[in-house]
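S.K.: Order-wise, the sequence lines are chains A and B. 1 is the number of the first residue of the first sequence in this note's numbering; add one for each residue after it. 1001 is the number of the first residue of the second sequence in this note's numbering; add one for each residue after it.
Note that these hints are calculated values from the structure, not bench results. Worth double-checking, as some hints may not be accurate.
What the hints assert, rightly or not - The calculated EDC-like cross-link candidates involving lysine to aspartate or glutamate, where the alpha carbons are at most 20 Å apart (straight line), are:
hint: 1; chain 1: A; residue 1: K153; chain 2: B; residue 2: E1019
hint: 2; chain 1: A; residue 1: K69; chain 2: A; residue 2: E85
hint: 3; chain 1: A; residue 1: K69; chain 2: A; residue 2: D116
hint: 4; chain 1: A; residue 1: K153; chain 2: B; residue 2: E1015
hint: 5; chain 1: A; residue 1: K69; chain 2: A; residue 2: D46
hint: 6; chain 1: A; residue 1: K153; chain 2: A; residue 2: E43
hint: 7; chain 1: A; residue 1: K153; chain 2: A; residue 2: D46
hint: 8; chain 1: A; residue 1: K153; chain 2: A; residue 2: E50
hint: 9; chain 1: A; residue 1: K157; chain 2: B; residue 2: E1019
Predicted model only: the values in this text are computed from it and were never measured.
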Amino acid sequence: MDPDRTLVDEAAAGNLDAFDTLVRRYQTQLVNYALAIVRDTGEAEDVAQETFIRAYRSLGRFRGESSFKTWLYTIATNTARTALERRGRRERVGDQSLDDEAQTLSAGSVPSGLPDPETTLVTRDAIDRALATLPDTLRVAVVLRDVEGLDYKEIAKVTGSPIGTIESRIFRARQRLRVLLQSLVSVPVGNR
Amino acid sequence: MHCDEAGPLLLRRLEGGLEADEGQRLERHLEQCETCRETLEVQRRVAVVLSSRPVTEVPQGFAGRVMANLEPVPGWLDALNWRVWTFRLVPVAAALLVVAALGFGPTEAAEPMEFSDLVAEWVGEEDAAGVPAFSLLWQEEVTDDGLLEAVLTADLDEPF
């Protein structure tokens, strides 16, 4: 049973308070998900806001075949992709070689010890920069699994891809991120 | 088991989704294969690092801005999206027209009826004597032209 179902039904019937509760319940997750995908705070907030607005407009067509959360992530993924296409990917660092990126990430500032605000910022930035080097399909899959905590079935629904494809993307994404995050992932590189 | 076969199983092992026999085969492989052991550890550690990504706080007033930008929920008529439906029905309508043209097109022309036969059919049945019961005109020997003239000039309030 979808824990959001009652609120969704009430919101679909025009109860704005019910939808406001849903927005507050998922706003942090959606903003952070969008940030991991588009890597720009303002743009991430726009994506999250647009996601909620699109969801509200489409509430009447939500049939509950997936959970409301999965449905929201589906809309957010499509909205983020549209934002990336609109931006023309000019800010992405995908053309930068993996080696260059790994040097950049490891040279600077790998946090250690207790997290303080600066360390938190640096850690998040290191992870987001590493994620940004991945192709969109790998990034979406690994973020949904490891950052957002969706299971494989949910990711398959969000992306419209078979579970086997999702497994492959997540596997490859982690292998590539290992190089980029080697300072955070303390496994020796280059044994293979 | 080869490393290629072990790859997908490594992910499922992390998720705890391996069948018992698969798990046993993978464990035997891992005992012998340092590369796959390292891959498994990389997969696990990267997942841990990503799951510890610090959360960004949502700016104050975000939910309020979302709610302020909502438009009224569209009614069920809007949800039907008539433009889309109309567009989708065009080929259906075209197909129906083709079927109608093929199935109900011009048929063979019927044998032309004599006007007297038509009037006989129209004015009523014959009585037991074989005389049309309804029309005086029918009792007389009249030509088709005469009958037509009588019909066209008849006083409708009076029987022929």
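S.K.: Each hint should be assessed against the structure and marked as holding or not.
M.R.: Hint check:
no.: 1; hint: K153(A) to E1019(B); in the structure: 18 Å, holds
no.: 2; hint: K69(A) to E85(A); in the structure: 24 Å, violated
no.: 3; hint: K69(A) to D116(A); in the structure: 31 Å, violated
no.: 4; hint: K153(A) to E1015(B); in the structure: 12 Å, holds
no.: 5; hint: K69(A) to D46(A); in the structure: 19 Å, holds
no.: 6; hint: K153(A) to E43(A); in the structure: 28 Å, violated
no.: 7; hint: K153(A) to D46(A); in the structure: 27 Å, violated
no.: 8; hint: K153(A) to E50(A); in the structure: 25 Å, violated
no.: 9; hint: K157(A) to E1019(B); in the structure: 24 Å, violated
Of the numbered hints given earlier, the model fails hints 2, 3, 6, 7, 8 and 9; all others are met.
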